[in-house]
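Participant: Now for the letters of each chain:
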Amino acid sequence: MNADRMRDLAEAWGGDLRRWPLTEREAAEQFVRTRPDEAGRALFAARQLDAALDAAPRPVVSVELRDRVIASAAAASLRSHPVWPGLRRLLWVGGAGWAAAACAGIAFGMSLTSDFERQVQLDVVLEQASVGGLDDEAVLG
Amino acid sequence: MAAVADPDEELVRRVGQGDPAAIQAMVARKLPRMMALAQRMLGDAGEAEDVAQEAMMKAWKQAPRWTPGKAKFDTWLHRVALNLCYDRLRRRREISVETPPDRPDPGPAPDRGLLAAELGQRVDGALKALPERQREAIVLCHYQELGNIEAASLMGVSVEALESLLGRGRRALRAALADLAPGANPDAVGARG
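Here the protein sequences come in this chain order: F and V.
Per the working numbering, the very first residue in the first sequence carries number 1; after that it's consecutive.
Per the working numbering, the very first residue in the second sequence carries number 142; after that it's consecutive.
Hints are not guaranteed to be accurate.
Among the chain F residues that face chain V by a calculated CB cut under 10 Å, a handful are [to be verified]:
{"#": "1", "residue": "9"}
{"#": "2", "residue": "12"}
{"#": "3", "residue": "17"}
{"#": "4", "residue": "22"}
{"#": "5", "residue": "23"}
{"#": "6", "residue": "27"}
{"#": "7", "residue": "36"}
{"#": "8", "residue": "49"}
{"#": "9", "residue": "52"}
{"#": "10", "residue": "54"}
{"#": "11", "residue": "56"}
{"#": "12", "residue": "57"}
{"#": "13", "residue": "61"}
{"#": "14", "residue": "65"}
{"#": "15", "residue": "68"}
{"#": "16", "residue": "73"}
Derived lysine to aspartate or glutamate pairs resembling DMTMM-like cross-links, with alpha carbons at most 25 Å apart [to be verified]:
{"#": "17", "chain 1": "V", "residue 1": "211", "chain 2": "V", "residue 2": "291"}
{"#": "18", "chain 1": "V", "residue 1": "269", "chain 2": "F", "residue 2": "67"}
{"#": "19", "chain 1": "V", "residue 1": "269", "chain 2": "V", "residue 2": "160"}
{"#": "20", "chain 1": "V", "residue 1": "199", "chain 2": "V", "residue 2": "188"}
{"#": "21", "chain 1": "V", "residue 1": "199", "chain 2": "F", "residue 2": "16"}
{"#": "22", "chain 1": "V", "residue 1": "213", "chain 2": "V", "residue 2": "191"}
{"#": "23", "chain 1": "V", "residue 1": "213", "chain 2": "V", "residue 2": "286"}
{"#": "24", "chain 1": "V", "residue 1": "269", "chain 2": "F", "residue 2": "8"}
{"#": "25", "chain 1": "V", "residue 1": "211", "chain 2": "F", "residue 2": "54"}
{"#": "26", "chain 1": "V", "residue 1": "199", "chain 2": "V", "residue 2": "259"}
{"#": "27", "chain 1": "V", "residue 1": "202", "chain 2": "F", "residue 2": "64"}
{"#": "28", "chain 1": "V", "residue 1": "199", "chain 2": "F", "residue 2": "8"}
{"#": "29", "chain 1": "V", "residue 1": "202", "chain 2": "F", "residue 2": "54"}
Source of the hints: derived by calculation from the structure; they are not laboratory data.
All figures in this text were calculated on a predicted structure; none of them were measured in a lab.
Think of the CB as a built atom: it goes at the ideal place given N, C-alpha and C, for glycine as much as any other residue.
From just these sequences and the hints, can you work out the full model?
Facilitator: The following block contains the structure:
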C-alpha cells in the first residue's frame, strides 16, 4: 500500500474502511497506523463526500404504500403451505397413478378369474353330463 | 458450493407459510430499502413507490418456493427492484428521444448559504445527473450498504470494475459539489457529520 493506492481506494470506497474490500482493508489499516498524515489526507476528502451523500433526502415509505403492500400479500394468495408442496403434489399424482394401476389390476384379475371359473364350471357340467349319460346307458342298457 | 448464510432465511420461510406477523416484519424490513433503492435510481417518488410495491409483490410470490442457501433473499430482492428500475429508465430513454429532458439544476451560486434541505437537494440532483451504472454503484455500496462482492455480483461486474465505477462516480459528484467544499462553503458539508 502506498499513498496513491490509498487515495484511489478512498475515492472509490469512501472514508469508512469497513466498506472497503477485505483484500485491501488490512493493508489500509496498517497504512493508517504507520503513515497517519498521508492516510488522513486521503480519507478526509472521501469522508466529506460521504457526509454530503448522507445529506441527500432519505426516501420515506408512506402509510398508504405500506398498507397496499401488506394487502398485496393476501392478493398473492400467501397462506399456509406444506414444507414441500412440490413433493406432496408429486406424491399425490404418483399415488393416484398407483391406485389407478391397482384398480385396473384388480378388475383384470377379477375378469380372468370369472372366465376361468366359468370354464371350470362348464367343464364340470359337461363331464357330469357325459358321466350321467354313461350311467344311463349302463343302467338302461 | 458452500451454502449462503442469509439473515432473512427464517423470516422468508414464515412469509412463505403465510404468517401475518412475518409478512408485516418483512414489509418493515424490506419496503424502506426497496423504496430507497428505487427512488435513488429513478429520482421520482411516484415511480419508486410503484417499483417498491411490484418488487414486494414478487417477494410474496417467491417466498413459498424460496430455496435457502443458494442466495441471500435481500440480494435477490435488490436484483428484482433493479431490473424494474432499469425497465423504467429504458422506457424514459425511448421517450426522451423525442423530448429532451430538462438539464438538472446546476445549483445555487457558490457564495449562497445552504440550508440542510437545499444541500440534500443539491446532492440528490448531482446523483441523478450521474450515468446510470455509476449511480447504481454508489446507491448499492453507499446507501444500500451492500458488501463489495455482493454489489459487484448484482451489477454483473468484477470488484475491480465496481471500484472503477465508484471512483468515477464519486469524482463526478465531488466536482459537481465542489462549491460546497471547505473554503467555498465550509459550514454546509461540515455540519452534516
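Participant: Does the nearest C-beta of chain V fall within a distance shorter than 10 Å of the C-beta of residue 22 of chain F?
Facilitator: Holds - the Cβ of residue 22 of chain F comes within 10 Å of chain V, reaching about 8 Å at its closest.
Participant: Classify the hint on residue 17 of chain F as holds or violated, based on whether any CB of chain V lies nearer than 10 Å to its CB.
Facilitator: Because about 12 Å separates residue 17 of chain F from the closest Cβ in chain V, which is outside the 10 Å limit, the hint is violated.
Participant: Sort out whether residue 8 of chain F lies within 25 Å of residue 199 of chain V, counting only the CA atoms.
Facilitator: violated (39 Å)
Participant: Going straight from one Cα to the other, do residue 211 of chain V and residue 291 of chain V come out at no more than 25 Å?
Facilitator: holds (13 Å)
Participant: Check whether the Cα positions of residue 213 of chain V and residue 286 of chain V lie no farther apart than 25 Å.
Facilitator: Status holds; Cα separation ~14 Å.
Participant: Given the hinted pair residue 269 of chain V and residue 67 of chain F, is their Cα-Cα distance within 25 Å?
Facilitator: violated (29 Å)
Participant: Hey, does the residue 12 of chain F contact hint survive, CB to chain V under 10 Å?
Facilitator: Status holds, d = 4 Å.
Participant: Against chain V, with CB atoms and a cut of 10 Å, does the hint on residue 61 of chain F hold up?
Facilitator: holds (5 Å)
Participant: Would the pair residue 213 of chain V and residue 191 of chain V pass a check requiring their Cα atoms to be no farther apart than 25 Å?
Facilitator: Distance ~23 Å between residue 213 of chain V and residue 191 of chain V Cα, so the pair holds.
Participant: For a C-alpha distance cap of 25 Å, please report whether residue 199 of chain V and residue 16 of chain F respect it.
Facilitator: violated (34 Å)
Participant: Does the alpha-carbon distance linking residue 202 of chain V and residue 54 of chain F stay inside the 25 Å limit?
Facilitator: violated (34 Å)
Participant: Measure nothing beyond the straight line between the CA atoms of residue 269 of chain V and residue 8 of chain F; if it is 25 Å or shorter, mark the hint as holding.
Facilitator: At roughly 23 Å apart (the allowed maximum being 25 Å), residue 8 of chain F and residue 269 of chain V satisfy the hint.
Checked against the numbered hints above, the structure breaks hints 3, 6, 7, 18, 19, 21, 25, 26, 28, 29 and satisfies the rest.
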